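Colleague: Okay, here's what each chain looks like letter by letter:
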Amino acid sequence: MSQSHNRGLVEDFGRWREFSAGMWAWVFHKFTGWVLIGYLFTHIAVLSSALNGDAAYTQTLQGLEQLAVVRVLEVGLLAVAAFHILNGIRLLFIDLGVGTALDTQEKSFYASLILTGIIVVVSVPVFLEGL
Amino acid sequence: MSTQTPDTDDSDPQAERMARKDERAAEREEAASTPDVGDDAITLKVFRYDPEVADKQEPRFDTFHVPREPGITVLDALIYARDTYDSSLTFRHSCRQAVCGSDALFINGSQRLGCQTQIADLNDSETVRVEPLPHREVVKDLVVDMDHFYDQMDAVEPYFSPKEDPDGEQLQSRENREKIKMSTRCIWCGACMSSCNVAAGDNEYLGPAAINKAYRFYFDEREGEDRQEERLRIIEQEHGVWRCQTQFSCTTVCPKDIPLTEHIQELKREAVKQNLKFW
Amino acid sequence: MAERYSSFSSGSTRWFLQRVTAAFLVVTLAFHFLLLHFFHHAPEITFSGSHARYSVPAYFVTMVLFLAAATFHGTNGIYNALVNQGVTGTPKRVAKWVLVVAGVLVFVQGIRVALALTGGA
Amino acid sequence: MYEHDVIVVGGGGSGLRAAIGAHEAGADVAIVTKLHPVRSHTGAAEGGINAALREGDDWELHAYDTVKGGDYIVDAPAAETLAQDAPENVVQLENWGMPFSREEDGRMSQRPFGGLSFPRTTYAGAETGHHLLHTLYEQVVKRGITVYDEWYVTRLAVTDEDDPNDRSCHGVVAWDIQTGEIEGFRGRDGVVLATGGDGQVFDHTTNAVANTADGVAMAYRAGVPIEDMEFVQFHPTTLPSTGVLISEGTRGEGGILYNGEGERLMYEYGYATNDGELASRDVVARGELTEINAGRGVDDEYVHLDMRHLGEERIVDRLENILHLAEDFEGVDGLENPMPVKPGHHYEMGGIETNENGETCVDGLYAVGEAACVSVHGSNRLGGNALPELLVFGARAGKHAAGEDLGEPEIPVGKTEGDEGIEESDVDFPVEPGALAASSAVVSGDSPEGVVDAALEAETERIEGLLEKDEGVNHADVRSKIQKSMTDNVNVFREEGAIEEALETIREAREEYEDVSVADKSRTFNTDLQHTIETRNVIDTAELIAMGALAREEFRGAHWRKEYQERRDDEWLKHTMISWNDGTPELWYRPALLEGENQTYEPKERHY
Ligand SMILES: Cc1cc2nc3c(=O)[nH]c(=O)nc-3n(C[C@H](O)[C@H](O)[C@H](O)COP(=O)(O)OP(=O)(O)OC[C@H]3O[C@@H](n4cnc5c(N)ncnc54)[C@H](O)[C@@H]3O)c2cc1C
Ligand code: HEM
Ligand code: SF4
Ligand code: F3S
Ligand code: FES
Numbered sequence: 018m019s020q021s022h023n024r025g026l027v028e029d030f031g032r033w034r035e036f037s038a039g040m041w042a043w044v045f046h047k048f049t050g051w052v053l054i055g056y057l058f059t060h061i062a063v064l065s066s067a068l069n070g071d072a073a074y075t076q077t078l079q080g081l082e083q084l085a086v087v088r089v090l091e092v093g094l095l096a097v098a099a100f101h102i103l104n105g106i107r108l109l110f111i112d113l114g115v116g117t118a119l120d121t122q123e124k125s126f127y128a129s130l131i132l133t134g135i136i137v138v139v140s141v142p143v144f145l146e147g148l
Numbered sequence: 012m013s014t015q016t017p018d019t020d021d022s023d024p025q026a027e028r029m030a031r032k033d034e035r036a037a038e039r040e041e042a043a044s045t046p047d048v049g050d051d052a053i054t055l056k057v058f059r060y061d062p063e064v065a066d067k068q069e070p071r072f073d074t075f076h077v078p079r080e081p082g083i084t085v086l087d088a089l090i091y092a093r094d095t096y097d098s099s100l101t102f103r104h105s106c107r108q109a110v111c112g113s114d115a116l117f118i119n120g121s122q123r124l125g126c127q128t129q130i131a132d133l134n135d136s137e138t139v140r141v142e143p144l145p146h147r148e149v150v151k152d153l154v155v156d157m158d159h160f161y162d163q164m165d166a167v168e169p170y171f172s173p174k175e176d177p178d179g180e181q182l183q184s185r186e187n188r189e190k191i192k193m194s195t196r197c198i199w200c201g202a203c204m205s206s207c208n209v210a211a212g213d214n215e216y217l218g219p220a221a222i223n224k225a226y227r228f229y230f231d232e233r234e235g236e237d238r239q240e241e242r243l244r245i246i247e248q249e250h251g252v253w254r255c256q257t258q259f260s261c262t263t264v265c266p267k268d269i270p271l272t273e274h275i276q277e278l279k280r281e282a283v284k285q286n287l288k289f290w
Numbered sequence: 476m477a478e479r480y481s482s483f484s485s486g487s488t489r490w491f492l493q494r495v496t497a498a499f500l501v502v503t504l505a506f507h508f509l510l511l512h513f514f515h516h517a518p519e520i521t522f523s524g525s526h527a528r529y530s531v532p533a534y535f536v537t538m539v540l541f542l543a544a545a546t547f548h549g550t551n552g553i554y555n556a557l558v559n560q561g562v563t564g565t566p567k568r569v570a571k572w573v574l575v576v577a578g579v580l581v582f583v584q585g586i587r588v589a590l591a592l593t594g595g596a
Numbered sequence: 204m205y206e207h208d209v210i211v212v213g214g215g216g217s218g219l220r221a222a223i224g225a226h227e228a229g230a231d232v233a234i235v236t237k238l239h240p241v242r243s244h245t246g247a248a249e250g251g252i253n254a255a256l257r258e259g260d261d262w263e264l265h266a267y268d269t270v271k272g273g274d275y276i277v278d279a280p281a282a283e284t285l286a287q288d289a290p291e292n293v294v295q296l297e298n299w300g301m302p303f304s305r306e307e308d309g310r311m312s313q314r315p316f317g318g319l320s321f322p323r324t325t326y327a328g329a330e331t332g333h334h335l336l337h338t339l340y341e342q343v344v345k346r347g348i349t350v351y352d353e354w355y356v357t358r359l360a361v362t363d364e365d366d367p368n369d370r371s372c373h374g375v376v377a378w379d380i381q382t383g384e385i386e387g388f389r390g391r392d393g394v395v396l397a398t399g400g401d402g403q404v405f406d407h408t409t410n411a412v413a414n415t416a417d418g419v420a421m422a423y424r425a426g427v428p429i430e431d432m433e434f435v436q437f438h439p440t441t442l443p444s445t446g447v448l449i450s451e452g453t454r455g456e457g458g459i460l461y462n463g464e465g466e467r468l469m470y471e472y473g474y475a476t477n478d479g480e481l482a483s484r485d486v487v488a489r490g491e492l493t494e495i496n497a498g499r500g501v502d503d504e505y506v507h508l509d510m511r512h513l514g515e516e517r518i519v520d521r522l523e524n525i526l527h528l529a530e531d532f533e534g535v536d537g538l539e540n541p542m543p544v545k546p547g548h549h550y551e552m553g554g555i556e557t558n559e560n561g562e563t564c565v566d567g568l569y570a571v572g573e574a575a576c577v578s579v580h581g582s583n584r585l586g587g588n589a590l591p592e593l594l595v596f597g598a599r600a601g602k603h604a605a606g607e608d609l610g611e612p613e614i615p616v617g618k619t620e621g622d623e624g625i626e627e628s629d630v631d632f633p634v635e636p637g638a639l640a641a642s643s644a645v646v647s648g649d650s651p652e653g654v655v656d657a658a659l660e661a662e663t664e665r666i667e668g669l670l671e672k673d674e675g676v677n678h679a680d681v682r683s684k685i686q687k688s689m690t691d692n693v694n695v696f697r698e699e700g701a702i703e704e705a706l707e708t709i710r711e712a713r714e715e716y717e718d719v720s721v722a723d724k725s726r727t728f729n730t731d732l733q734h735t736i737e738t739r740n741v742i743d744t745a746e747l748i749a750m751g752a753l754a755r756e757e758f759r760g761a762h763w764r765k766e767y768q769e770r771r772d773d774e775w776l777k778h779t780m781i782s783w784n785d786g787t788p789e790l791w792y793r794p795a796l797l798e799g800e801n802q803t804y805e806p807k808e809r810h811y
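Chains as they are written, first to last, in my numbering: chain S, 18 to 148; chain F, 12 to 290; chain U, 476 to 596; chain D, 204 to 811.
This is chain S alone, in the form it adopts within the complex (with noise of 0.2 Å):
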C-alpha cells in the first residue's frame, strides 16, 4: 500500500471533544507526572545547598519562599501531585479490578478531579499565608 495515506497526528484533531472519561485521566495523569518527575529533579537541586551550608540552605528555601510566583507554583504542585494520587490510587483499583465497569471508572475519575479540587481550594490559605 505504497499509495495509502496518512493523516498523520491531525487525525486526533477532532477526537479530544469525544475523549472518553478514560482518555482524560490517561492525559492528565501522563501530565502530572511529568510534572513530578521533573519537580523532583529541580527540587534535589534545591536542596543541594545544604551541601553548602546550613546558611545556605536556610537561604535558598526562604528566599524562594518568599516570591509569589513560588508559592502559586506550589500550589500547583500540590494539585499536580493530589490529582495524581488520587488518580494514582483509582488506577491502582483499576489494576486489582475494581471498578473496571465503564461507568464505574467513569465516576471514579469524575470523583478524583473533584477532590483534587477540594484538596487544593482548601489548601490555598495555607500555601499563600505570611506573603
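Don't take each hint at face value.
Lysine-lysine pairs mimicking BS3-like chemistry, simulated, CA-CA at most 30 Å apart [said to hold, decoys possible]:
no.	chain 1	residue 1	chain 2	residue 2
1	D	Lys-345	F	Lys-190
2	D	Lys-765	D	Lys-687
3	D	Lys-777	D	Lys-807
4	F	Lys-67	F	Lys-190
5	S	Lys-124	F	Lys-190
6	F	Lys-174	F	Lys-284
7	D	Lys-345	F	Lys-284
8	D	Lys-687	D	Lys-724
9	F	Lys-56	U	Lys-567
10	F	Lys-284	U	Lys-571
11	D	Lys-345	F	Lys-174
12	D	Lys-684	D	Lys-672
13	S	Lys-124	F	Lys-284
14	F	Lys-174	F	Lys-192
15	F	Lys-67	D	Lys-672
16	D	Lys-724	D	Lys-672
17	S	Lys-47	S	Lys-124
18	S	Lys-124	U	Lys-571
19	F	Lys-190	F	Lys-174
20	U	Lys-571	F	Lys-288
21	F	Lys-192	S	Lys-124
22	F	Lys-192	D	Lys-345
23	F	Lys-67	D	Lys-687
24	F	Lys-288	F	Lys-192
25	F	Lys-56	D	Lys-684
In case anyone wonders, no lab produced these hints; they're calculated from the structure.
Please read these numbers as outputs of a predicted model, since none were measured by experiment.
Given chain S, work out where chains F, U and D with the ligands should sit, using these hints.
Modeller: Using the frame of chain S, we list chains F, U and D with the ligands on its own:
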C-alpha cells in the same frame, strides 16, 4: 394444506397492500426530494481521498444531503449518498447488522459501526461527519488498510490448540463458557485499536483486540494449563499487555460491549501472579 | 510480531514495581506534603528544623526510601511513556541509559543532601 | 499467475471448511475471497446447527425430517450424507474450540427448531454463525492456508468444449480490489466455488450486501446447470425496516406470534395446528403474510413476535443477541415489548448442481454452501440445516478436490441426452430469457495455463471496457429495478402474470445493463466497478428464479402458486434445471432421488 391459501377471490389483497405501501413510499420520497436541502435533510460530511484521482489526492470533505427517514443509520445515509449522488464514494460494508465488522468508521469524532449508529442518536444529528478510522493508513475515501490489525491478531496465535487432540466431545462448564463469552464476541472491526493512543504510538503493541483474543483462549479451560503458560509468554512480552495504560477508549467504542480494559488488566494480573511464583 | 522474550526482560517486574512504588508513594508523598506544608509551613523551613527531623533514624530511612521509590517510579514512568509512543531501537536504548544515569545521579545527590542535613550543624 | 493445488473461491463457512478439508488431504490450498473471511455472511447465522448427537436421536430421523421438510424433492443420498456426517463435523468444531452453549453437565446444548422431530439444533447463544465462522478461520490461520482477501473473482477459467460435461476448469480470474490488479489463479487439482447466497436479488433480505450470487452466475455462464432456483426461502421473522433476522431460536425457545388483533395467528387461523409457531418456515411466512394482507397485520406491514413471557433470565441466557438486534435495528426492547416481524428473503435452496462430493459436471469445478445445490433442502430448508451443509459438503468437496477417494457418488450431474428421467420443459416465456446476443464464458487454450491466460485476457478486456466507457446507466438503478420487481412479483405469493412481468422487467434490465458505465475510473478500491459486475450476476440469478417459478406449476414448499394450490407429485417430483446454453437458456428436469440407504421416502402430506 388448503389452509395455506390466502383469500383467492378476485380482490387481490396483496396487490392492494403493495399499492398502499408504494403510495406511502412515494409520499416519503416526495417529502425528501422537495428542496433537497429541506429543513430536515441530514448534512453528511465525508472524508474523500484517492491516490489516483487528481482532485482527491489532497484529502477533502464532501457534503451530501440525505433525507431523514425514521431509524436511518449512518451506513444507510452513506449508501444513499453513493447511489444517488456519487457512485465513486467508497466504504466497506456488508452485513448491515453489526456482525461482519466491515464498517467501523470515525463518526462525529468517535469510532462507531456505520450500520449500528442511528443518526438520531448522535449528539449532533444535523451534521454527520464521517472519516476513516484514525491511526490507519487510508486506502481510499473511508477505506483503511487493515493489514496491521490482522497482523496483530495473528501474533497471539489466535486458534484453539490443546496439548493433545481431544477424544470426542470435550466438556466445558457453564461458568467457564460464561467467563469467555464476552471475549468471543469480537467481530474484528478494529474500532478499539483505532481509539487507543498507545496503539497509535507503539506500532508493535498487540492492541486490545488481539489481547482480548488471547484472553479468549487463555481462560478457555479446554485448552489446558500447559498452553496457558505459552499464551502468557506471548501477551506479557514488552509490547503486550504492559503497554495498556487503561485509557478505556477501547472499551468505550467496542460495538460488541466487550470489557476490553478489564480483560487486559486481568491478564496483567495473571502474568504478575505467574512471575511471582517463579521468584 | 510476537517476539519471544526471555523472562528477564519481562515487563511484569517493572509493571509490578511501578504499582508497588505507587502504593508506597501514596503514603510518603502525602506525609511529605502534610508535614512540610501544613504541619510545618514551608516558608518557615530552616536548616536546623530539617536537621532535627533527619536525625530521627526512622525519618531518615523513610526519606531515603521515598526518594528511591520516587526516582524509580518517575524514571520508569517516563521510560514507559516513551515506549508507548513507539520509541524503539537505538533511541530507546539511549533513553533507557540516560534515565538510569539520571536516576542514579538524583538518588546519589539526594543521599548526599540527606547526609548533609543529618550531619551538618 | 498464482498457482495452487486447490483454489477455494469464498471465505465463508463453506469455503473455509473446504480449504481445511483440502489441506487435511495434503493439498496446497488458497482461498480467494472478496471479503476478508471473518466478514462473510455465515457470521450472521444465529440459530444453530442440526446434528443427531444425543441418545434418542439418530441420523435417520434427521434425514427423514430433512426430506419431509423439503417437501420431497430432496435427493435422499444427499440428505442422508448430511445427517450421517453432521455429528462428527459438529464435534470436530467443538474440538477446534467453538464456544457452544453448554448444559449443566458440560455437554453442548441443543434446542428445538421448526420442523425437527428432536431438539437437535446445536447452538452457541444466538450467534452460532459468528462463532462457527471465527472458529473455522482460526483453523485456517493455524494451518497457514494462504488467503487472498479482498480479491474479487470475476470469471472461471473453463474450457470451451460443446458439451459442458466435457469441459474442465483450471482456475479463476480475480482482481485485487485494493490495487486493481487483475490476475489468473490456477488450481491444479480443482476450483471450489463457495460464494454464498443471492439476497441482493430482493430488496428486503436477511442477507448481506455482498450476497450477489456471483458463483452461481459464473458457473451458469460456464455451462453448469443451475438447480431449483425457484425455491427461495422467506424467513417469517425479519425486522421490517432492515430485514435483520430474528432467529427461529426465538420461537424455538417459546416465542409467540400475534397478529394486529392480538390473536395467536398460527392457531387461530389454522395455519398450523400441531406445531404452531414452530411449523416449517414457508408455512409460518405464508400465515403471517395472509394475516397482513387480510388487514389483520400491524400498520399493514408486520405482525408481532413476543418473547416477554420467557422471562429475562432465559432470554438473556439464550437469546441475548436478539435483544441487541431488536434494540439496535428496530429500536424495540424485547424485554418490554413484542418485536415487529415480517417475512423477508432469507435463503436460496437452489444453486449450482453438484453431487455428494461437491462436484459439478465440469471437471475440476466444485461448488459448496449456499451457492451449491446438492439438494438437501429441496423446496424448503429446515432451520439449522444450512450450517451442517457447509461443514459436511465443504469438507467433502475440499478432500475430493485434493484427491481423496470418497467413493462413487449416487447423484448424477450434468445433462446427458437420453439419461433416465431427464425431460425438457415446454414452458412459454413471455420474453426470450438469457443473453441479448450469443455469449458464453468459456475459452480455449492448449494447456491448463493457456486456459487461465485466455480467461484472464478475456476478462481484462471486459473490465477495461467497463472502465473506459464514459457515459451510461448507473448499475444501482438497474439493480434496484430488479430488486423491486422480484419483491413485488416473485415473492411469497406467486402468480403467473406477476412472474411474467418480472421476466419482462429482467429483460429490460438486461438491455439497460448493456449501456452500463462505471463512473469511478480509479483502480484503487473501486467498489463502483465491483457492484457493476455484481449487478450482472444479480440479473442472471433473478432470471433463473423467475424462470423456474413460472415453469413450476404446483405448490410445493416455499414455492406457492396462486393457480396451483396443491403439490402435484405425479408430475413434479423433479428438479428444475437451467443450462445457459451459450446465452439461450434451456430448462429441463431431473427426477428427485427418493431412494435412501434403508428406506424409500414416500411423499406424504406435510402438516405441522
Ligand atoms: C441472518 C441469517 C441467519 C442464518 N441462520 C442460520 C442458522 O441458524 N442455521 C443454519 O443452519 N443456517 C442459517 N443461515 C444460513 C447460512 O448461514 C448460510 O446459508 C451460510 O452461512 C452460507 O455460507 P456460505 O459459506 O455458502 O456463504 P457466505 O458465508 O455468504 O460466504 C460467501 C463467501 O464468498 C465470497 N465471495 C462471494 N462472491 C465472491 C467473488 N465473486 N469472488 C470472491 N469471493 C466471493 C465472500 O467474500 C464470502 O467470503 C442463516 C442465514 C442468514 C442470512
Ligand atoms: C503518590 C503516589 C503516586 C501514585 C499512587 C502514583 C501512581 C502512578 C501509577 C499507577 C502510574 C502508572 C500509570 C500507568 O502506567 O498506567 C504512574 C505513572 C507515573 N508516575 Fe506516579 N504515582 C505517584 C507518585 C509519583 C511521583 C512522586 C512521581 C514523580 C517522581 C511520579 C511520576 C510518575 C510518572 C513520570 C509516571 C509516568 C507517566 C506517563 O505515563 O507518562 N508519580 N504513577
Ligand atoms: S474488540 Fe470490539 S472494537 Fe475491538 S475489534 Fe473486536 S469488536 Fe471491534
Ligand atoms: S484504549 Fe488502549 S490503553 Fe488500554 S484500555 Fe484500551 S488498550
Ligand atoms: S455492515 Fe457489517 S458490521 Fe456494519
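Colleague: All hints are to be evaluated individually against the structure, with a verdict given for each.
Modeller: So, going through the hints one by one against the coordinates:
1. D:Lys-345 with F:Lys-190: 24 Å, holds
2. D:Lys-765 with D:Lys-687: 20 Å, holds
3. D:Lys-777 with D:Lys-807: The given pair, whose Cα atoms are some 16 Å apart, holds under the 30 Å limit.
4. F:Lys-67 with F:Lys-190: 48 Å, violated
5. S:Lys-124 with F:Lys-190: Holds, at about 25 Å.
6. F:Lys-174 with F:Lys-284: This hinted pair holds, its Cα atoms lying about 23 Å apart.
7. D:Lys-345 with F:Lys-284: 29 Å, holds
8. D:Lys-687 with D:Lys-724: 28 Å, holds
9. F:Lys-56 with U:Lys-567: 41 Å, violated
10. F:Lys-284 with U:Lys-571: Status holds; Cα separation ~26 Å.
11. D:Lys-345 with F:Lys-174: Holds, at about 14 Å.
12. D:Lys-684 with D:Lys-672: Measuring from Cα to Cα gives roughly 22 Å; hence the hint holds.
13. S:Lys-124 with F:Lys-284: Roughly 29 Å between the alpha carbons, so the hint for S:Lys-124 and F:Lys-284 holds.
14. F:Lys-174 with F:Lys-192: Judged against 30 Å, a Cα distance of about 22 Å means the pair holds.
15. F:Lys-67 with D:Lys-672: Distance of about 21 Å is within 30 Å: holds.
16. D:Lys-724 with D:Lys-672: 10 Å, holds
17. S:Lys-47 with S:Lys-124: Within the cut-off at roughly 19 Å; holds.
18. S:Lys-124 with U:Lys-571: 36 Å, violated
19. F:Lys-190 with F:Lys-174: 21 Å, holds
20. U:Lys-571 with F:Lys-288: 28 Å, holds
21. F:Lys-192 with S:Lys-124: 26 Å, holds
22. F:Lys-192 with D:Lys-345: 22 Å, holds
23. F:Lys-67 with D:Lys-687: Violated: F:Lys-67 and D:Lys-687 sit about 35 Å apart, past 30 Å.
24. F:Lys-288 with F:Lys-192: 28 Å, holds
25. F:Lys-56 with D:Lys-684: Roughly 29 Å between the alpha carbons, so the hint for F:Lys-56 and D:Lys-684 holds.
The structure shown violates the earlier hints numbered 4, 9, 18 and 23.
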